[in-house]
Amino acid sequence: MSQLVSQFRTFDRPSKLLMVNQFGINVGFYMLMPYLAGYLAGPLGLAAWAVGLVLGVRNFSQQGMFLVGGTLADRFGYKPLIIAGCVLRTGGFALLAIVSSLPALVIASAATGFAGALFNPAVRAYLAADAGDRRVEAFALFNTFYQGGILLGPLVGLALTALDFRITCLVAAAVFGALTVLQARALPQHPADRGPDRGSVLAEWRTVVANRQFVLFSLAMIGSYVLSFQVYLALPLQAQTIVGSEAGSTALVTSLFVVSGAVAIAGQLRVTAWFSKRWGPGRSIVVGMTLLSMAFVPLLLVPGAATVGPVLAGATVLLSAALLALGTIAVFPFEMDTVVRLSRNHLVATHYGFYNTVIGVGILLGNLFTGTVFGLAHQAGWPQLIWAGLTLIGAGCVLALHLLHRSRQLTAEPAGQPMR
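Residue numbers for the sequence shown follow our numbering, beginning at 1 and rising by one.
For the record, the hints were derived by calculation from the structure and aren't laboratory data. One or more of the hints may lead you astray.
Said to hold, decoys possible - For each label pair, taking beta carbons as the anchor points, the in silico distance ranges come out as:
no.	residue 1	residue 2	range
1	Asp164	Leu376	30 to 36 Å
2	Pro43	Val181	30 to 36 Å
3	Thr372	Ala266	33 to 39 Å
4	Leu182	Leu399	43 to 49 Å
The model shown is predicted, which means the values in this text are computed figures rather than measured ones. All C-beta atoms, glycine included, are put in the ideal place defined by N, C-alpha and C.
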């Protein structure tokens, strides 16, 4: 904790505010999201494919629309987009509290997702600009606050969901309403890029798409997000199959996020420093992706409670969550830094937007695959199939990233333009 505090103090006010704000954002977000799949499958009675659709739409409307949010951030400045995203998420979470039909749930999920598309590229570009050469260190510290929200949010959500999930939605909406006011008052304005050489939106998008190194990196990283997202989809669904009662499965799901947050808070700064010293950015991403791909091996070996009992089966789910968290903290700071380096400090938010648009398409397809195969595999009596499939996805991404690193496709040097 002393290391966290000392490093936090070395950054400027905007970076500090962005880190603290991200903690608040995640408290509001994660008091709701860990229990959404259980709410959809339990009280609302949606099929596994429908649960996957709702969650997939939420992620696609966020990460699939990042390109729009990133472009707007580069044109109009980072602060307005951060505030607009918080306002929209306030409304989306409030809507989730009052609707129950599948079309309405999809609309509410899309609203909460698009909110993230507005503020996430702006937050990351703002932090990268303010941190300068300390980007890796800043993103490591940022992720510690990020994971701290993941740790606290589900604990708050557990208490609220025990009363009614709709209360959880309303409280989460209130948190984002408060964050809207706080950021509007306290976050300094960052100037938008309005240089005389500013081209059209389509021209800027063509510039991003023409960046071959960046596009290849974006495609190779799809699997990392498909795998890490399973802490919201496959692992909660697995928890329901292990623990029969709603209260028991809710407690196990909460434990998933407690484990994830604890691993990140305790290990992020140490892991980032150790990886930086031992391997450097490119190799660290490959090693971190390897950890992510190995996260489902325990569930492949222990796919349910039928033979080993619910306690060991539950512990296996927690082990997978811990491995996912370890892989994520290993990858994240270097991944965010690589996006900036491959953009050559030009249209940074737009590059973040394109990056997550590509990722969003992959997550949508990955969630439909996971939700469908999860249901079919359990019906057929072969629950190992879903974990084998996810492991193979991870292995493919490890190979792709290794080839990019070996061919020096992840080592572009900045061209010297000012951060935008």
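A quick look at each hint next to the structure:
Against the hinted window of 30 to 36 Å, the Cβ-Cβ separation of Asp164 and Leu376 comes to about 32 Å, which satisfies the hint. Checked against the hint of 30 to 36 Å, the pair Pro43 and Val181 passes, with Cβ atoms roughly 32 Å apart. At about 36 Å, the beta-carbon gap between Thr372 and Ala266 stays in the expected band of 33 to 39 Å. The hinted range of 43 to 49 Å is satisfied by Leu182 and Leu399, whose Cβ atoms lie roughly 44 Å apart.
In terms of the numbered hints stated before, the structure departs from none.
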